[in-house]
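**Q** Protein sequences, first through last, are from chains A and B.
The first sequence begins at 114 in our numbering and counts up by one.
The second sequence begins at 232 in our numbering and counts up by one.
Don't read these hints as lab results, they were simulated from the structure.
Any given hint might turn out to be false.
What the hints assert, rightly or not - Partner residues are not named here, just some residues of chain A that face chain B (Cβ under 10 angstroms, in silico):
(1) W135
(2) S140
(3) G153
(4) Q154
(5) P156
(6) F178
(7) A206
(8) A209
(9) I217
(10) E221
(11) T226
Claimed, not checked - Restraint ranges, calculated between C-beta atoms of paired labels, are given here:
(12) K184(A) x Q261(B): 32 to 38 angstroms
(13) G214(A) x N298(B): 17 to 23 angstroms
(14) R177(A) x Q261(B): 33 to 39 angstroms
(15) K247(B) x S179(A): 16 to 22 angstroms
(16) G241(B) x R177(A): 31 to 37 angstroms
Nothing here was measured: the structure is a model prediction, and the numbers come from that model.
Cβ coordinates follow ideal geometry from the N, Cα and C atoms, glycine included.
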Amino acid sequence: EAGVVQSPRYKIIEKKQPVAFWCNPISGHNTLYWYLQNLGQGPELLIRYENEEAVDDSQLPKDRFSAERLKGVDSTLKIQPAELGDSAVYLCASSADRGLGNTIYFGEGSWLTVV
Amino acid sequence: AQKITQTQPGMFVQEKEAVTLDCTYDTSDQSYGLFWYKQPSSGEMIFLIYQGSYDEQNATEGRYSLNFQKARKSANLVISASQLGDSAMYFCAMRTRDMRFGAGTRLTVKP
Numbered sequence: 114e115a116g117v118v119q120s121p122r123y124k125i126i127e128k129k130q131p132v133a134f135w136c137n138p139i140s141g142h143n144t145l146y147w148y149l150q151n152l153g154q155g156p157e158l159l160i161r162y163e164n165e166e167a168v169d170d171s172q173l174p175k176d177r178f179s180a181e182r183l184k185g186v187d188s189t190l191k192i193q194p195a196e197l198g199d200s201a202v203y204l205c206a207s208s209a210d211r212g213l214g215n216t217i218y219f220g221e222g223s224w225l226t227v228v
Numbered sequence: 232a233q234k235i236t237q238t239q240p241g242m243f244v245q246e247k248e249a250v251t252l253d254c255t256y257d258t259s260d261q262s263y264g265l266f267w268y269k270q271p272s273s274g275e276m277i278f279l280i281y282q283g284s285y286d287e288q289n290a291t292e293g294r295y296s297l298n299f300q301k302a303r304k305s306a307n308l309v310i311s312a313s314q315l316g317d318s319a320m321y322f323c324a325m326r327t328r329d330m331r332f333g334a335g336t337r338l339t340v341k342p
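Okay, chain A solo, but in the shape it has when bound (with noise of 0.2 angstroms):
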């Protein structure tokens, strides 16, 4: 079975610049996840979608970040226009749902440099 899909593995960005992320989750997950992860930190939330409905998008930037899914499976994740201060992880991942025991399984990430 092939887990969470990311892409790109890499990307480097002027700042101003326009990026876009890409997720396809474990096959038949609905819940999907969009995280954060600085240098040394913990993944911080930004995105939750049950289906192709967000339900919890308290974290996210709206003023220059972006997500959608619009069938429920895949997912992207946009920042426009991106700032020096977005250099970071940004990890998908998904989950069968929302129940407290289903474990939440990540892709590896796509890696945001923005000079």
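Starting from the structure of chain A, add chain B where the hints point.
**A** The following block gives chain B in isolation, referenced to the frame of chain A:
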């Protein structure tokens, strides 16, 4: 509000010895799940072990065990017989409505 605290930024252990990584949590929810993840330098987050808040027995998965003390709100990870490949960041996490993570502990296993 949920809060996960890992007070050990870094830990060292001799190969083949056991090590305990500390984790305390705070929540007003009665039902929650506690998780530990390992993150090697390559970056992927690897699930290690899970403990439910109503589980009476401590969870074990191979060399990993979770020392769950509900009254103290602690969920420490014990790694037995440490191996060089155990060197990584370790994150404690709690799940209620969503999953929140601690700041992590960097474990270094010495040969």
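**Q** Evaluate each hint against the coordinates.
**A** Verification of the hints:
| no. | hint | verdict |
| --- | --- | --- |
| 1 | W135 | 17 angstroms, violated |
| 2 | S140 | 17 angstroms, violated |
| 3 | G153 | 8 angstroms, holds |
| 4 | Q154 | 6 angstroms, holds |
| 5 | P156 | 5 angstroms, holds |
| 6 | F178 | 17 angstroms, violated |
| 7 | A206 | 8 angstroms, holds |
| 8 | A209 | 13 angstroms, violated |
| 9 | I217 | 5 angstroms, holds |
| 10 | E221 | 5 angstroms, holds |
| 11 | T226 | 14 angstroms, violated |
| 12 | K184(A) x Q261(B): 32 to 38 angstroms | 35 angstroms, holds |
| 13 | G214(A) x N298(B): 17 to 23 angstroms | 19 angstroms, holds |
| 14 | R177(A) x Q261(B): 33 to 39 angstroms | 38 angstroms, holds |
| 15 | K247(B) x S179(A): 16 to 22 angstroms | 50 angstroms, violated |
| 16 | G241(B) x R177(A): 31 to 37 angstroms | 34 angstroms, holds |
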